[in-house]
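J.: Residue numbers (my numbering), protein chains in the order written: chain R, 1 to 519; chain P, 520 to 1015.
Simulated from the structure, these hints should not be mistaken for laboratory data. Just so it is clear, CB atoms sit at the ideal spot from N, CA and C, and this is done for glycine as well. Just so you know, not all the hints are guaranteed correct.
Which chain R residues stay away from chain P? Per the calculated CB distances, all over 12 angstroms, these [what the hints assert, rightly or not]:
# : residue
1 : L292
2 : K318
3 : L449
Here are the simulated DMTMM-like cross-link-like pairs (lysine to aspartate or glutamate), alpha carbons at most 25 angstroms apart as the crow flies [claimed, not checked]:
#  : chain 1 : residue 1 : chain 2 : residue 2
4  : R       : K447      : P       : D648
5  : P       : K983      : P       : D567
6  : R       : K381      : R       : D494
7  : R       : K499      : P       : E681
8  : R       : K420      : P       : D648
9  : R       : K420      : P       : E623
10 : R       : K447      : P       : D567
11 : R       : K368      : P       : D722
12 : R       : K451      : P       : D567
13 : R       : K499      : P       : D648
14 : P       : K933      : P       : D784
15 : R       : K420      : P       : D756
16 : R       : K420      : P       : D567
Computed footprint of chain P on chain R; a stretch qualifies when at least three of its residues, placed anywhere within it, have a C-beta under 8 angstroms from a C-beta of chain P [claimed, not checked]:
#  : segment
17 : 393 to 407
18 : 426 to 438
Here's the letter readout for the chains.
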Amino acid sequence: MHSPEPSLIPFICLMLAALVPLTSMVANKKLSNLIALLGSIIIFTIALRLFMVIESVGVAVYRFGGFPAPLGVVYVFDQFNSFLAVSVSFALVLTVVYVVVFESSEHKYLLYSLIYLLMAGVYGCLFTGDVFNFYVSIELAAMSSYALTGFYRGRKAVRAAIIYGIAGTAITSFLLLACFILYGSYGTLNIADIALKSRNVNLEVEFSGGVFGDILLPSKISLALITWIFLFKSGIIPNHFWLPEAYLAAPLPAIVLFTTSADILGIYGIVRLYYLVFSEGSLISDFRATMLGVLFFLGTVSAVIASMLVANQRTIRKLIAYSSISQFSLSLLGVASGTAEGLSGSILHLVVNGLGDASVLYSVGILKYYSSNPVKGGKRKIILSLARVTLIVGLINLFGVIPIVPGFWSKALLVLGLVKAGMTVAAIAVLASTGLCAIGYFSTLMKILQKYRSTNNLNDSGSKHDIAVVASIFILASILMACLGLGIGLTVYDTLRDKVVEFGYGVLDSWTYIKTVIP
Amino acid sequence: MYSSLATIAVPLAFIFAGSVLTPRFRVYGIVIRVIGFALFSLNISFSDLFSSLILLTCIIVGVVISGYSVKYSILKYGNTNLVPLLDLFVVSMILVFASQYLIEFITFWLLTELLGFFLIAYDYMARGDVVALYAAVKYLLFSMIPTDIALFIILALVGFEEAFTVPIRETFVNLTNPAILIMVIVGFFSKAAIFPLHFWLPDAHSIAPAPASALLSGLMVKMGIYGLYLISFYRIDTSLAAYTMLFSGFLTVVYGALQASLQRDIKRLLAYSTTSNTALITAALALYFLTMDRVFVEATILYTVAHSFYKVTMFLDSGLIELVTHERYIERLGYMSKVVPLESIAILSTILAILGMPPSTGFIAKVFLFTAISKYLAKSWVYLAMLVIASIKVALSIIYNVVYLKSHYRGDAKVPSIEDIERSKSVLSLQHYVLASSLSIYLFVAALLVIKYTGYIELELLRKMFTTLLISTILFIVLGATMYTMTKGLSKERSA
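Whole structure, please, built from the sequences with the hints as guidance.
T.: As structure tokens, this is what we get:
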């Protein structure tokens, strides 16, 4: 690895999680806001540079302490997780700006702390090449999300946090059990090493030796357990019960972070599990095929049911919750398809869902803010119309039927991949669930536009909120540019489309990953 | 590539400029927009009869509606916010019919559907009328979604490279799998409101504002027909497709026409009549699938054009009635000919046109259709069935058109007092647009003859009808002049 900065991202997050509350208590609050903001911008820059470096290099490995795998812990960067990292850091920047300007809780410093702990966990999960490190990071992310759910918002929030917390802790402890099983049978905790040994049982790798005894049964058990855990993490029906409660209770910026970063870890984990650790050539390939069939079934059922539930939601939070469940199920279908187009569609779909949810939630949040806080007339008009446009573009992105939004391309790739794999039922389910969700999106769009129409008559006075104006224009404009830029870019430049499909091929090509980690 | 971009960008710029100007300078705005729509005719290349004629229809309808919608929008809602939405709707439909490649076809199709949703829900946006929202959601679920499924299936079968590079009628799409073929056909059925996905149309088209209903009924359902026409270029099992279309088409023709005869609300009557007519057009197209004879395509497109003009005129008339009387039920109307005599003449001549009076497009369409059917009558029972259904349809259409006419002409109807109805000049001036729309159904024939003699299109039968058309045009002009002087005389008597 050329330089260690990308591996520092989780550590920067941990440092900020400690530094921000400290400065807000010792120094003044503005300094802590500034540090949080600067930190997020630094992380975004590093992630962006990482993505551009990986474009040229392919797969890169960073060894902590210089210890080679599987002796030490390694971070592995490939196109898949660097793309997701860019999307996550974009959401982080927007969220920190939103929290700096619009959140007015007296415990704001704790909010920053929890956000950065969540991010530390998420980045750790994305980058790590070690199973136990993965468990630790996912626990860190999960704990922070439990706390964020119940963040000083009353009894209902505490109840939601308890549901999420107890269920989550119970289920992720099975991940710990799976780690133990894998370690006990394979003798190693390194993902690439496990992947090597699952393909070739008699291999002896430097530092970790061979396997201990029969690894067939332990592999099957751990595959089943870990799949269940990741299905819970991404909220696939029937493991979705925590998601609507959590989304209803958590603060708005936390929900955006959940959809863009924490909940995608489930799908990310499933992709790594089924295409890297236990891929087609491994010793449990028939069991894996059965499990992929189960995923296909669950994904279809979950997508259709969740989209039917989207149609009659009253609040925007529950709408986003069920819509996210539906979109994650569609990504799961893409993963189950096994084709490169399906995988790349699924990856793009995670990012598209994040962008869409962020645009909807932030535009509604800004509309709500400006309906109760006066600001000068001309600027108000610009911000309100920008918010409405972002809302419309966000919902059209989630609906995904016009080629100028990236949602169209992710759905098209998913359908193409599923048709290529011969799973036409799933392709129909993708389109049917899109349509069913659309009812909810458009009804809610109409209701929101109606609700915030009459705020044009508010008395325009007071100009103390200039920073709010700048922040709202920044948030809305950057989301809009990201959505439309990605969409129009994908439509007009076929090199960009090929690059997205390349992500899928990169995931399927597990040997490059393994050989880079353990040469 | 760039020349086609220019032929789209320049008219769009005109229309955009016109929409910006319209709130302040109405007349200039309308004129610029009309020029913009006329410039879209640069896109007409007569390579394919169907798309070129329907493009011409869209442009003419766009020109007529551009004037009507401004006045209607101001009179009904107090602002001109409806106008850009309508313009954009017409433009996106023009772009659908003019698109060369599958990807732009899909893009503009989806854009049109989305705009259709907002138009149907316009009353909800402007006045909070929840019924409009429900009708729009029904449209979304039963018309938009099945069509999206059909389009995505075609896109998936074509692949991305060909969608961008191969012209739409030359792509190789393998639709031999019967299940997939049925799904695609039902998807287009849902757009054209044919059994089994026909029930969204009466609610949606009767709730939308009148110029929007005119565009939805007049042009948007024709997109479904265009989709069905396109699949004839692909590899399909033609007899399966044809029999499906015939089965659903026959059912819908009779059902729609019967329902239309029973309605008392003028807009619902027109909506049901739309389903019946599109079903007849689909059945004609199905016969093309069976025989592969060009005459059926020509009959289809001519009937489509005739029906488009007819529907647009009728919905514009319903809008005028609504603005003048604030009333939609035929029992309470009947005095329209006394209030707006010019309008009633326009409607009368449009109805006569669709029923087949020469020299209108409806006459030519019926000639083509029945000639084509009779050519094959002895070959199979299918053509006999088609003839029977078409005759039933003609009889029922006479019935429901007369029912509609009862809102204009009813002997015992008394004109209500001045407080109940509006007789302001601006409302009455809407008559001119309706008259223009109604005349276009006749002028279109003249346009066709001109184009034919320049050799771009090939309507064979038209050559044989030239003398008939000439004589009937002269008679028509005489008839029109007579009726005009008669009504003028009557109104002079009344005011004297």
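J.: Does P/E681 lie within 25 angstroms of R/K499 when you go C-alpha to C-alpha?
T.: Holds. R/K499 to P/E681 sits at ~18 angstroms (cutoff 25 angstroms).
J.: Does the alpha-carbon distance linking R/K368 and P/D722 stay inside the 25 angstroms limit?
T.: It is violated: about 34 angstroms lies between the C-alpha atoms, which goes past 25 angstroms.
J.: How does the segment 393 to 407 of chain R fare against chain P when you require at least three residues with a CB closer than 8 angstroms, holds or violated?
T.: holds (count 5)
J.: Tell me if the straight-line CA distance from P/K933 to P/D784 falls inside 25 angstroms.
T.: 19 angstroms, holds
J.: Quick check for students: does the CB of R/K318 sit more than 12 angstroms from each CB in chain P?
T.: R/K318 is indeed farther than 12 angstroms from all Cβ atoms of chain P, at 18 angstroms.
J.: Is it true that the CA of R/K420 sits at most 25 angstroms from the CA of P/D648?
T.: 45 angstroms, violated
J.: Checking one constraint from the list: CA of R/K447 to CA of P/D648, max 25 angstroms. Satisfied?
T.: Since the Cα atoms of R/K447 and P/D648 sit roughly 12 angstroms apart, the hinted pair holds (cutoff 25 angstroms).
J.: Below or equal to 25 angstroms on CA atoms is what counts here, so check R/K451 against P/D567.
T.: 48 angstroms, violated
J.: If we take the beta carbon of R/L292, is the closest beta carbon in chain P still more than 12 angstroms away?
T.: It holds; R/L292 is separated from chain P by about 21 angstroms at its closest Cβ, greater than 12 angstroms.
J.: Assess, step by step, whether the Cα of P/K983 is no farther than 25 angstroms from the Cα of P/D567, and give holds or violated.
T.: The hint holds at about 22 angstroms.
J.: Can you confirm whether the C-alpha distance between R/K420 and P/E623 stays at or below 25 angstroms?
T.: Status holds; Cα separation ~23 angstroms.
J.: For a C-alpha distance cap of 25 angstroms, please report whether R/K420 and P/D567 respect it.
T.: At roughly 33 angstroms apart (the allowed maximum being 25 angstroms), P/D567 and R/K420 break the hint.
Comparing the model with each earlier hint shows violations of hints 3, 6, 8, 10, 11, 12, 13 and 16; every other hint is respected.
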